[in-house]
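*Asks:* Quick note, the sequences are listed as chains V and R, same order.
So that you can map any letter, position 131 of the first sequence is 133 in this note's numbering, and since no number is skipped, the others follow by simple counting.
So that you can map any letter, position 248 of the second sequence is 818 in this note's numbering, and since no number is skipped, the others follow by simple counting.
Note that these hints are calculated values from the structure, not bench results.
In this text, a Cβ means the ideal position worked out from N, Cα and C, and glycines have one as well.
It is possible that some hints are incorrect.
[Said to hold, decoys possible] For the chain V half of the interface with chain R, some residues (derived, Cβ under 7 Å), not all of them:
#	residue
1	H43
2	A47
3	V48
4	E247
5	D249
6	T253
7	G255
8	S346
[Claimed, not checked] No more than 35 Å apart at the CA atoms, straight line, and that leaves these computed lysine-lysine pairs for DSBU-like:
#	chain 1	residue 1	chain 2	residue 2
9	V	K78	V	K125
10	V	K77	V	K125
11	R	K793	V	K116
12	R	K793	V	K78
13	R	K761	V	K125
14	V	K77	R	K761
[Stated by the list, open to error] Sample of chain R residues at the chain V side, in silico, Cβ under 7 Å:
#	residue
15	L625
16	G649
17	N651
18	L654
19	R655
20	V659
21	F667
22	M670
23	P679
24	F779
25	A780
Here are the chains, one letter per residue:
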Amino acid sequence: MPESTDAFLIAEEAPAGRLVLKVGGDWSIQKTLPALDEVDHRLQAVPPRGEVQLDLSAVTGWDSSLVSVVTDFAKKCQARGVTLETASVPRGIQQLAKMALAVPERHVEQPPVKEMFFTRLGKAGISVGSNVIEVFAFTGLAFLALGRLVRGRALFRWGDTWLIIQRVGAEALGIVAMINFLIGLIVGFVGAVQLQVFGATIYMATLVGVAMARELGCIMTGIIMSGRTGASFAAEIGSMKASQEIDALRTLGLSPMDFLVLPRLIAMVLMMPLLTIYGNVVGMIGGAVLAPGFGISFQQYYDQLVSSVHMTNYFAGVLKSFFFGAIVAGAGCLMGMQSGNSASAVGQATTSAVVAAITAIIALDAVFAFMFTALGI
Amino acid sequence: MEDTHSPVIRIRNLTMAYGQNVVMRDLTFDIHQGDIFIIMGGSGSGKSTLMRHLLGLEDPARGEIFYGAIDFTHSDLDGRNALLRRIGVMYQGGALFTSMTLGQNVALPLEEYTHLSSNQIRTNVAYKLGLVGLSGFEEYYPSEISGGMNKRAAIARAMALDPQFLFLDEPSAGLDPLTAARLDELLLELKQQLDCTLVIVTHELASIFAIGTDSVFLDTETKTIGAVGPPKYLRDHCPNPEIRSFLNPSEPQPQTI
Ligand SMILES: Nc1ncnc2c1ncn2[C@@H]1O[C@H](COP(=O)(O)OP(=O)(O)OP(=O)(O)O)[C@@H](O)[C@H]1O
Ligand SMILES: [Mg+2]
């Protein structure tokens, strides 16, 4: 027999309806192996109570590639009541195949079916609906927890809250300053270039002031915080869920709402306005940096800013920032609580927390813009 | 078998499902005061799921769970929380709070539910960590200790409030034989000294026979109870040969294929 021939598998008809499967050569998972379709076909054609002989006498080498095929034959014959004659099968292969067949296949209920386009569309619609309901339910629960806190009945830890305030507030100062500074600078520059045409460059101060105070300060801070803090809330709570820490809280009788969500919500609602005010100031400084380049002194810039930017603009921005803070914390916590129990689910929760928070911030800002206009503010 | 003690947890026609996928149906059995009750069954048979139902973390698809006279399944959140304060739980993975040290983990329930001074809490925490062989580890974070140590710390947290019921999901899996035996001893001692009822999910035959006084076997094939009774009795007298061989691996296996 030649050493290391290619693996082969031939089905031969023998007298009396017997099927002989001749297997031989070197079966290795690293090499090309014979196709199985032809033999499978012949195997299906064997009548019940028929006989199949497995002839492995020409096999020169084998690994799991051959064992899996033999196991598969054995399974198919067993299912159809066909006798499989295995006298020439090496003992090792027999043992391994027996191990693989020892535990009967679990009957899996309801295998996942492939869904039609409209079914998927309908389900997507329903899930949007239930997501909205969950957002409302979560908001309700948050208010209930707040109520318990006010009545002093919540299991609430101020210590945790201080730590979170420090994390979301003080530690965010750098990035908030940098982004708002650049935004102020950009708005100032673009504005000044346009205003130069009319010889009205002094109004760049007004432009920067109103834009920062009313819109950009709170929106940019909101977006930064949803990427920085909302994402971390979702990841933190999501991985607590994955490691059953949330279950452990529940069975300790500690509501995750009181214990995890409330401190984060309070920290964000308190810190967001402060960060926004800070961002406003830094943004206006960003605009001022360019002023001398357009022939405006710092004093003129400052005077123009103070005289033309009304207090209501600041008020509008700060008012919005309370809501944006609640959105960032709420989205982070909600997505974390809804997260599945795996690492990839936590990643998804983080992504959706950021996307949901930014979308909600922009949408709510539009609503506010409409309301302020209607109210003439 | 013996009826000297009364049932404290009664499970009635409990059917457990995740969505459409039924895990176990029609479970009816009692857990008695002072039992060390073992939940047995193959991997994936629904032991952890049963424990989650007993703790109210999942809602039954059908059936009820009673603690004494309390209908746990239908009580409101306050009712459940009041009961949960009498229950200590150790989860399969430990589930310690990773942002807290071991000491803080064990102290948390004491801080929330007792009026002990911080000094008394410290003493109590040190004692409980000592019980599980972790004295001196108060300042360590869960990520800084081994998996088996995490489990033991989780047991210490479960015992924090001297609970009336202690639920443990595979407490000795992943422990060396010596520590596992010590743990069995500890659980036995706790039961005797504090008169609490233990519900333990475990595969460890040694510990099943060493401490188990009663048990239920969840059968994956039929998706319901395979047998109820003291483990030793089931090993010798259970009519189902699969369960006998589960409990006594030296007995010849029922032949498959
Ligand atoms: N969150 C879940 N969602 C859907 N199905 C689940 C979930 N958790 C468990 N299951 C299913 O329920 C069944 C029982 O799982 P469970 O974790 O209770 O098993 P177990 O008996 O504790 O197993 P092990 O001994 O391996 O821990 C499994 O078939 C599993 O697929
Ligand atoms: Mg389990």
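*Asks:* Now tell me, hint by hint, if it's right for this structure.
*Replies:* Against the structure, the hints:
For H43/V, the interface hint is violated, since its Cβ never comes within 7 Å of a Cβ in chain R; the closest pair sits about 25 Å apart. Interface restraint check: A47/V against chain R, minimum CB-CB distance 24 Å, threshold 7 Å, status violated. Given hint, V48/V at the interface with chain R, is violated; its Cβ is 20 Å from that chain's nearest Cβ, farther than 7 Å. Annotation: interface hint on E247/V holds; nearest CB of chain R at approximately 5 Å, less than 7 Å.
For D249/V, the interface hint holds, the least distance from its beta-carbon to any beta-carbon of chain R being 5 Å, beneath 7 Å. For T253/V, the interface hint holds, since its Cβ comes within 7 Å of a Cβ in chain R; the closest pair sits about 5 Å apart. Because the smallest distance between the Cβ of G255/V and any Cβ of chain R comes to about 4 Å, under 7 Å, the interface hint for this residue holds. The closest approach between the C-beta of S346/V and any C-beta of chain R is roughly 18 Å, which is over the 7 Å cut-off, so the hint fails.
Between K78/V and K125/V the alpha-carbon distance is near 38 Å, which puts this suggested pair outside the 35 Å criterion. Restraint check: the Cα-Cα separation between K77/V and K125/V comes to about 38 Å, which exceeds 35 Å; the hinted pair is violated. For a cut-off of 35 Å, the pair hint linking K793/R to K116/V stands: about 27 Å separates their Cα positions. Restraint check for K793/R and K78/V: the C-alpha separation of about 27 Å stays at or below 35 Å, so the hint holds.
Our distance criterion of 35 Å between C-alpha atoms is broken by K761/R and K125/V, whose separation comes to about 51 Å. For the suggested pair K77/V and K761/R, the alpha carbons sit about 50 Å apart, so the restraint of at most 35 Å is broken. For L625/R, the suggested interface contact is upheld, since its CB lies about 5 Å from the closest CB of chain V, less than 7 Å. Contact between G649/R and chain V, as hinted, is not supported at the beta carbon level, the nearest pair being about 11 Å apart and thus beyond 7 Å.
Because the closest C-beta pair between N651/R and chain V is about 4 Å apart, less than 7 Å, the hint holds. Taken as an interface hint, L654/R checks out: its beta carbon lies about 5 Å from the nearest beta carbon of chain V, inside 7 Å. Hint on R655/R holds. Least Cβ distance to chain V is approximately 5 Å, under the 7 Å limit. Look at V659/R: its Cβ gets to within about 5 Å of chain V, closer than 7 Å, so that hint holds up.
Because the closest C-beta pair between F667/R and chain V is about 6 Å apart, less than 7 Å, the hint holds. For M670/R, the suggested interface contact is broken, since its CB lies about 10 Å from the closest CB of chain V, more than 7 Å. About 5 Å separates the beta-carbon of P679/R from the nearest beta-carbon of chain V, less than 7 Å, and the hint is met. A least Cβ separation of about 25 Å between F779/R and chain V goes past the 7 Å threshold, and the interface hint is therefore violated.
The interface hint given for A780/R is broken, as the beta carbon of that residue sits about 26 Å from the closest beta carbon of chain V, more than 7 Å.
Hints 1, 2, 3, 8, 9, 10, 13, 14, 16, 22, 24 and 25 from the list above are not met by this structure, while the remaining hints are.
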